[in-house]
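> Chains as they are written, first to last, in full-length UniProt numbering: chain X, 1 to 445; chain G, 1 to 112.
Hints were generated in silico from the structure; no laboratory data involved. Hints should not be assumed to be uniformly reliable.
Derived CB-CB ranges, DEER-like [claimed, not checked]:
#, chain 1, residue 1, chain 2, residue 2, range
1, G, Gly24, X, Glu399, 27 to 37 Å
2, G, Lys90, X, Thr268, 48 to 58 Å
3, X, Glu399, G, Lys90, 17 to 27 Å
4, G, Glu62, X, Ser216, 20 to 30 Å
5, G, Lys17, X, Thr165, 50 to 60 Å
6, X, Gly264, G, Gly27, 23 to 33 Å
Glycine included, C-beta positions come from ideal geometry on N, C-alpha and C.
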Amino acid sequence: MLNAGSTAWVLVSAALVMLMTPGLAFFYGGMVRSKSVLNMLMMNFMCLAIVSVLWCLYGFSLAFGNDLGGGLLGGFEYVGLGGLPTDPIGTDPDKIPILAFAMFQLMFAIITPALISGAVPERTKFWSWGIFVVLWSTIVYFPVAHWVFAFDGTTAETGGWIANTLGALDFAGGTAVHINAGAAGLALAIVLGKRRGWPRDPGRPHSLPFVLLGASLLWFGWYGFNAGSALGANQNAAIAFTTTTLATAAAVIGWLVVEQLRDGKPTTLGAASGAVAGLVAITPACAFVNPIGGLAIGVIAGAVCALCVSLKFRLGFDDSLDVVAVHLVGGLIGTILIGFFGTTSLNEASADGLFYGGGFGQLGIQVVAALAVLVYSFVVTAIIALVIKVTIGFRVSDEDESTGIDESQHAESSYDYSGLRSSGGHSSILDAATSKVPASAGQEG
Amino acid sequence: MKMVTAIIKPFVLEDVKGALEQLGVLGMTVSEVQGYGRQKGHTEVYRGAEYSVDFVPKVRIEVVTDDSTAEKVLDAIAETARTGKIGDGKVWVTPIETVVRVRTGERGADAL
Chain X
1 MLNAGSTAWV LVSAALVMLM TPGLAFFYGG MVRSKSVLNM LMMNFMCLAI VSVLWCLYGF
61 SLAFGNDLGG GLLGGFEYVG LGGLPTDPIG TDPDKIPILA FAMFQLMFAI ITPALISGAV
121 PERTKFWSWG IFVVLWSTIV YFPVAHWVFA FDGTTAETGG WIANTLGALD FAGGTAVHIN
181 AGAAGLALAI VLGKRRGWPR DPGRPHSLPF VLLGASLLWF GWYGFNAGSA LGANQNAAIA
241 FTTTTLATAA AVIGWLVVEQ LRDGKPTTLG AASGAVAGLV AITPACAFVN PIGGLAIGVI
301 AGAVCALCVS LKFRLGFDDS LDVVAVHLVG GLIGTILIGF FGTTSLNEAS ADGLFYGGGF
361 GQLGIQVVAA LAVLVYSFVV TAIIALVIKV TIGFRVSDED ESTGIDESQH AESSYDYSGL
421 RSSGGHSSIL DAATSKVPAS AGQEG
Chain G
1 MKMVTAIIKP FVLEDVKGAL EQLGVLGMTV SEVQGYGRQK GHTEVYRGAE YSVDFVPKVR
61 IEVVTDDSTA EKVLDAIAET ARTGKIGDGK VWVTPIETVV RVRTGERGAD AL
């Protein structure tokens, strides 16, 4: 029987996760230079538009249709969001309409490609990015979501291999969302190449208030992401809510302590990045660990991710906004640490990790799941990116990049303070109106 | 002493800066400016209407040098900033009466 409370919670969670994508846009938008803000926001906002359409047409079906074989891809029976079961889905007593589940999962499909954009801002052709989002969602995200999120008997009889055959624990998408986006970001940053002038000019954030505002919106929306993944108003949602809060708080402290020791100053950018690193790391683990486990995963993720942001300078790839250090590394930490901190004391569906007498079994399973998604995403993303690069081109010209991508791709700028541009210009519509005035008029001066 | 002033495309600033460093120029002042020359701006379409943009974004570089290097600085900027396309800008040289370094009070060429 349909549960009204659970249905309400999942719909609200879907709306919370929707807000994460604009939140991410401002988190990223504050970090780029003032000449690239609008393009950064647009790269994220377009994911809302593109992936929503794909999800209806075939995305939901490829991810959550009945498995075509081997747990690799869903079938086509839900194309156009049609042919859906009318009975509520899920486990008693938390049954919800399948469309509530479909909209909740849509928001995950939207934010995952949006996360990748942080690896290649300030230099990507807008429509090439749009085509990338279509191809990447289709070939990478929808299959991987099927592997991880499609449980046998939920939306269809047979689901994906990681969820069912392998039995890896990933409560809210540490693998399918964060490792997936992080590995793709790395591939894309390598194929597109570094920005002009990087790393001599690292491109300092133009608006840290935006960054902290965006990180705060992400933290808020993440309650939908993690606690909503319980797919019901229930005990698991409360556990996930608790560990999400604790891990994020601990990660902020972990990141800032590393910054204080390494650089001598705790930065606003570090606090915002630490929060996101904690949110990422607790995502797979949120209902599988206890509150102390949440604190531990958070502080480890905050500190380790803070150390990893300098890797790109040593290895020479311009992952401009640290998608790799935060999402790939954070996702790996959270997914693998379930093998240590997992405990069945709060949630029977969890597994006991090393620290709770469970041995190495679950740890091995977690590593296999993490590596499978990492390798698949990296390889396929690199191929998609190379195809776009050699066909329609993936980067704007050097001159357009230097002038500013907002101006060259969108004919707009975020901060028009001088007024010279608007007062200097005039509209041809006005020209047409004034041209009807007799030529003799207005020439007395 | 001379002041070399250049109005160039923002895009070539990094290259010009590099060329001047090669010449041993020790400092410069850079500002973002807008203006037009013979190119007279250009037109743009935005939200269905066509606009003429009269003032085009440029970068102004100012370098104070001694008399002997002014010509080299002028040439270096002109060669590095040249793309051959319309709107490459202009460079000019003006005489400077004197210069004072604020911190020490040194005057003339010593202050450069």
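> Confirm or reject each hint.
Comparing the hints with the structure gives:
1. For Gly24 (chain G) and Glu399 (chain X), the Cβ-Cβ distance of about 28 Å falls inside the hinted range of 27 to 37 Å, so the restraint holds.
2. Distance hint check for Lys90 (chain G) and Thr268 (chain X): the Cβ-Cβ separation is about 42 Å, which falls outside the suggested range of 48 to 58 Å.
3. Distance hint check: the CB atoms of Glu399 (chain X) and Lys90 (chain G) are about 19 Å apart, consistent with the given range 17 to 27 Å.
4. Checking the proposed 20 to 30 Å range against Glu62 (chain G) and Ser216 (chain X) shows it is violated: the Cβ atoms sit about 43 Å from each other.
5. The hint said 50 to 60 Å for the Cβ distance between Lys17 (chain G) and Thr165 (chain X), and at roughly 59 Å that hint holds.
6. Checked against the hint of 23 to 33 Å, the pair Gly264 (chain X) and Gly27 (chain G) passes, with Cβ atoms roughly 29 Å apart.
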